[in-house]
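Colleague: Residue-level listing of the chains:
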Amino acid sequence: MRLIQFRLEGIYCVPGKFFIDPWRPVDMALITHGHADHARWGMKKYLCHHFTVPILKSRISPDIIVQGIGYNESIAINGVKVSFHPAGHIIGSAQIRLEYKGKVVVISGDYKLQNDGLSTPFESVKCHEYVSESTFGLPIYQWKSVDQQNEEMSNWVVQNQSYQKTSVFVGYSLGKAQRIMKAVEGTAPLYVHYSIHKLNQAYESVGIQLPKYEVLDFREDVKHVNQGIVIVPPALVDSNVIRKIPNMAYAICSGWMTVRGARRWRSADAGFAISDHADWNDLLDAIKQSEAEKVYVTHGQTAVFSKYLNEIGIESEEVKTEFGEEEDEAVYDKVEGSME
Amino acid sequence: MRAFATLVHALDSTNKTTQKMEAVHHFFKEADDKDKLWFLALFSGRRPKRAVSTTLLREWAKKISQIPEWLFLESYSSVGDLGETISLLLPEPQGYLDFSLAEWMDKINALAIYSDEEKKEFILHAWNNLPHQERFIFNKLLGGSFRLGISTKGLINAISSYYNLEASAVSHSIMGEWTVENSNFEQLIHGEYIDSNLSKPYPFCLAYPIEDVEATLENLADWQIEYKWDGIRGQVIKRNDEIFIWSRGEELVTEQFPEIVDEIKSWEGNFVLDGEILAINNGGILNFTALQKRLNRKVLSKKIMEEVPIGMFLYDILEFNHQDLRNEPMSLRREILENLVAENSLQNLKISSVIQVENLEELKEIREQARDINSEGLMLKHKNSIYHVGRKKGDWWKWKIDPLTIDAVLIYAQKGSGRRSSQYTDYTFAVRDGENLVTIAKAYSGLTDKEIQEVSRFVNKNAVEKFGPVRTVKPELVFEIAFEGIGWSTRHKAGVALRFPRILRWRKDKTVAEIDDLEEVKKLIR
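Here the protein sequences come in this chain order: F and P.
Under my numbering, the first residue of the first sequence carries the number 29, and numbering increases by one thereafter.
Under my numbering, the first residue of the second sequence carries the number 550, and numbering increases by one thereafter.
Okay, chain P solo, but in the shape it has when bound (with noise of 0.2 angstroms):
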């Protein structure tokens, strides 16, 4: 396992791109196939699952260095890593035990059948002949995730770079669902499987975030212009009669949607077509807030489908009768998917309309109204577009609403966890109701280093209570906190829940005097 311990290590210690390919070039040249199949595997979320529950890892590691359980959470609340806090608690090993990568995950995968008393004879002499950072690897191999320090598109271009492939057949190759007993690395990543597979999605097409809109949107006629939904993007497959919808974080949810299975399955045909999964009712958006309800969960009930019904809005079609569209033009791929639309009933699904506009100013008021039916901007695309693999400027822009923003006050912090588990970065922020302070909002992100240095010193200095992860602070500190949207909410204390807040921007200029108040942040729910 030196070899992929080297590699993690290596990731960790750098973020300059160049550095983390070289990393995963080194890795490629010392690893056996198996292992980089398992680095693949492990990285993309296809990991085996969970064999040792965490409460009893916990219970052996407190036991082994012999520290009570609230010292075992407050070692836990300071490293924000389970597998971590472990092997640092652990005392030094007395042995090495020399087995791969792979070899390890056999093991591991071993484990399932396993009684109690075997699992933990397996693990504690595991962590008996192991060093710290081969340790903590093997306590992230047991189970939950693991992040690696690069990113979906770094390590496709290290791929495709060390084996002289193209970048977009490898996103591709490595895609839909392979297992590592089935495969081998070199077949996969060059492609072998992907006809045998008729679950393969393409790889998502994103937009940037437009620049400059005067410039771009000069003839306004090259560009295909539609409402931005705020649901969950989704891929959805028929080919040869059989149904697959991919999420765009390369999930399958196919059973979360049966009103869409059960459409598409009357439609005529073979094709991938490219939408957003948005809570429909009477062909009205609802609030974000209704679709957080229906997702990630176990059973679907009836009551539940029928409070939220789910519908689809179409915008592309990626491939049409296993015919790959993806490099024919944006205007040519819409007449196509205005034709299947047009051949086949609609129920649940609709084709993303184009919207029409004479001249900018008119489009300018579009957008500003986009809120009202609960949109969250445009999307541009140029008509002569191909549909491209991730995210490339030029083609497709999305120019969203501005956010909507609230002045708040700090009241709670806590440690973040793997790179900033050194600092205080997650915030929790409150308004005015009345005389009192109300929670409204969690916020992770928005300052720079430098300031979450500087918060994290106010937090030190002023915390009120100082056990366990979180700390309450004095509430001094005023934020302008930005969000995409706002919804009724009977979870949260103050009755309502916001999309995607974020720090905008350290307020040093207010007080607490002046931050918003309830009553009137609820005015802002449409």
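Looking at chain F on its own, in the form it has when it is part of the complex (with noise of 0.2 angstroms):
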């Protein structure tokens, strides 16, 4: 028996009878971060890391069946083992791995390699299949340090403010504003937009110091910010709201700002290629790491990314899912706004 198969509901694991990241409702999900593509309404019950858990009550809804797992616990459902290790993608993200008669299979969902000093870092887990994104699976995504990052954005925060000018940056809400909250901390004053500081609230919750800042309300007027720094997420680039900004120099934080052309298309002033995916080494490292026989290459550059690692000796398949969306929508989406 095959210990996974990839459905129309979503992945699924045959002897445990649950989904991983389903995006049709399921009477069992397992969960593995709260990102909106993998972590979707309509479940009866959600299985997830501790962390994950307030952040699904506040996008889903308070009144969700979920229970939370620490990292590296294990519990058996249908006789499958199943525990989960931190993925570094964002707080509470896992890769789960599964365990059914001498056989494992890691579904890693999305992962970084890098330690944002908010997750959790990743941990490697070794097994006989691996499930992989590749959403920056082209060997032109190369990420520098995240110190590197963190001075650059910090120096364009001063390099602002020495113009007059408010920084303001752009990135999805969940992760990625706190990651640039984080990195210019100390620099200026930080503001962020309502739908950031709901989901820093479910950071707080669970522990996590984030640097001091103040809700923006955009209703009201936001002439003091001038010289400070915001953080709104990707739905409001070019809409009214922002423009309220006083002296506003805007930079886009994602890995597709490493590409010139996606820059000069956004026009932003700054574009700051800081992702929550693993770059290309990376992506090779984990899936080395895992000493994995076979990979499956769910979203991203799978045909690419999946043809190259059938070219290393790594056997590797390609698996359509419906995950992905929120680092795309980052870049095509400005104007209907993200998945966020």
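Because the hints were derived from the structure by calculation, they are not lab data.
Check the hints yourself; a few may be wrong.
[Unchecked claim] What the simulated footprint calls covered on chain F by chain P, stretch by stretch (three residues with Cβ under 8 angstroms from a Cβ of chain P suffice, anywhere in the stretch; the number is not a length):
#, segment
1, 113-123
2, 191-197
3, 330-341
[As the list claims (entries may be wrong)] Result set (DSSO-like, lysine-lysine): computed pairs, CA atoms no more than 27 angstroms apart in a straight line:
#, chain 1, residue 1, chain 2, residue 2
4, F, K272, P, K565
5, F, K251, P, K565
6, P, K578, F, K193
7, F, K316, P, K611
8, P, K611, F, K335
9, F, K131, F, K154
10, P, K999, F, K172
11, F, K348, F, K73
12, P, K941, P, K565
13, F, K322, F, K109
14, P, K949, P, K842
15, P, K949, F, K272
For each residue, glycine too, the CB sits at the ideal point set by N, CA and C.
Two independent chains are provided; combine them into the complex using the hints.
Modeller: This is the structure we're talking about:
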């Protein structure tokens, strides 16, 4: 019997009779992390890491039936040994390990190997089969170190202040926004949009310390933010709301900003290539460290990445899923707003 | 090179004219004279010959980054620019080489006499000692086209405001044949080389599309009206028995049109003429596809010269016997032009005839029928107008005939380059050919950013073939395609070629069953 199957509703554990990150309503859903393309509404029961619980309640509904679990703790579901391991993507993000009759499969959701200082750092898990994303599965994507990224962002804020400008950062409200807050901490007063504040609360409720900030009410006059830092979700780019900010210089923070064309397309004042996904080298490292015999590539550069894995001697197959909206949205959907 | 890298980055980062201008001013403050000169040279297409082939650059880059050819191509198609792709694929630099733009250009120029092995050593060393942004610029400096994110006009305005000069004087000063080696930036922009240069053209005067026909033409007698032709705008210069032909792209095209040169040689006097270079046979203007066959050929065979004879319709005179006439009124310039033409024998050259009408209705009728003689509409020039630098509203208008349109379906999409490399912006469209679809046109523009995003998402979800840069998509989205002309073509599968196709609008109300049929499309050819 196969341990997992790719079904119309999502990734299915056959003996365990549950789904992982399903996109259609099912009875039992194990959730890798709280982004909207992985944690959807309509499941009878949810199982996720403790830190993801408040996120799901905040985004889906306070009334959902959800059980939390710690990293490296294991439980048995219909005879399948299930455990969650840090994926380093956002807080609470996990790689889900399934073990049944000696066979091990890991579904990694979204992950990154860089330590962003907020999420529990990625831990490699050995397995027979590995399910991996490939959002940035092209060798042109190579991230700078977190220290270097933080320094560049802080420098940009300081430079804006010297021109009497307000620094506006665009980043999705779960994960990226908190990273930006951490990166520019201490350079200027911090203001965030309400949607970010809501998720900040989820961070703080599980004991994660965020820099001091103020919630910005865009219905009021916002002139007092001048020369400070404002963080907004992608949906607000080009909106009337954002135009109220005085002397604004705005930066987009997304892995896609690596490419000059993408930066120019958005004609932002600055583009920082920071991402909560693994870059090319880290994708390969994660897969090699898992020692998996077979890799399923779920979303992103699936065709290219799985072809490359096969060429370097790692058996791989691309799988069609409905993941991978949120980073795409940051680039494509400035008008309609993101999934956030 | 840091100052130049900062400038390129700043120009990329904004689409506001004032901020672009500030960035150029900042560069002028920081850079030394030679760097400024190189900046101007690179911007105006005066780049040295490519010393290293792109094939070699690609080979070296693949080897260093240890990736196979196909993966290199996938990366390239995602980035949309070779120099940038290479720069992104290479590992982090190990050091920093601090040379100015001019120093880098000298080194690159010196490459020409190096062996391939020496070139490789130089380039690999540079790659390993420049941060990404400068590495990218270095690759661009090695050759190929380099778009700087500022228009010619924007740059000229930036120069003229920084140095407190007239914009028209600056654009005149920086045109023509100067080289970095023999010039000084300040002297160049102050126009100190102009007199010594016989080839120096004047900036072309351009027209805006007409906005309000009735109001503009209220006093019809004030206007000089001519046909508008779809050829190559050209400036013919004859000074001290030397002849130059400039195209609007500020390119010297003298050698491409020996018929014109021969005829001008026999004319008396010194002059600068403005006109349209066209394919003309027995006095009739040929379909635009004919002229295209003549252009950009390395060798002009006797056969092609007989097949596509070239002529020129003259419509203005900018200089006569070394006297600049551009500030004289159109009516006087026309008179001088007519006199000049009358004194000389004409074969391939013709004076553009002035259309005489009694009233606007008559004129409208003439415009409607313009396509019958392969004209693309009318030109309206105020009789008192001076010859402006570039585009200025009010004195010259173009009143083009309405474009032809067809409904076609999207079948292939490709990501754009440069600013648009993250989106599917380059489309190929098809019309019906019996039971099948046949490619009819490629188009790049005409959609809003929002629509481009919508189409991109459709392509992402409906791509049939995923490798390589081109995506084959389900034939479902219907667009109205506008174009200026249509001609027979042996190069295209459909047997026809469209002139300036572009997307007029997205016909969300139409299905693929309602697109046009090739046989109907062919009936539009004149």
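Colleague: Next, verify each hint and record whether it holds.
Modeller: Status of each hint after checking the structure:
For the segment 113-123 of chain F, the proposed coverage by chain P is not satisfied: 0 residues have a C-beta within less than 8 angstroms of a C-beta in that chain, short of the threshold of three. Counting residues of the segment 191-197 of chain F whose C-beta lies closer than 8 angstroms to any C-beta of chain P gives 0; at least three are required, and the coverage claim is violated. Under the rule that three or more residues need a Cβ within less than 8 angstroms of chain P, the assignment of the segment 330-341 of chain F holds, with 5 such residues. Between the alpha carbons of K272(F) and K565(P) the distance comes to roughly 18 angstroms, so the proposed pair stays at or under 27 angstroms and holds.
Straight-line distance between C-alpha atoms of K251(F) and K565(P) comes to about 22 angstroms, which keeps the hinted pair within the 27 angstroms bound. The straight-line distance between the Cα atoms of K578(P) and K193(F) is roughly 22 angstroms, inside the 27 angstroms bound, and the hint therefore holds. Between the alpha carbons of K316(F) and K611(P) the distance comes to roughly 22 angstroms, so the proposed pair stays at or under 27 angstroms and holds. With a C-alpha separation of about 17 angstroms, the suggested pair K611(P) and K335(F) falls inside the 27 angstroms cut-off, and the hint holds.
This hinted pair checks out: K131(F) and K154(F) have alpha carbons roughly 11 angstroms apart, not beyond 27 angstroms. The hinted pair formed by K999(P) and K172(F) fails the criterion: a straight-line CA distance of about 31 angstroms is larger than 27 angstroms. Distance check on the hinted pair: K348(F) and K73(F) sit about 24 angstroms apart at the alpha-carbon level, within 27 angstroms; holds. For the suggested pair K941(P) and K565(P), the alpha carbons sit about 21 angstroms apart, so the restraint of at most 27 angstroms is met.
A threshold of 27 angstroms between alpha carbons decides the hint, and for K322(F) with K109(F) the separation of about 20 angstroms falls inside it, so the pair holds. With a CA separation close to 24 angstroms, the supplied pair K949(P) and K842(P) stays within the 27 angstroms bound. Taking the CA atoms of K949(P) and K272(F), the gap is near 42 angstroms; set against the 27 angstroms cutoff, the hint is violated.
In this structure, the hints that do not hold are numbers 1, 2, 10, 15, in rising order.
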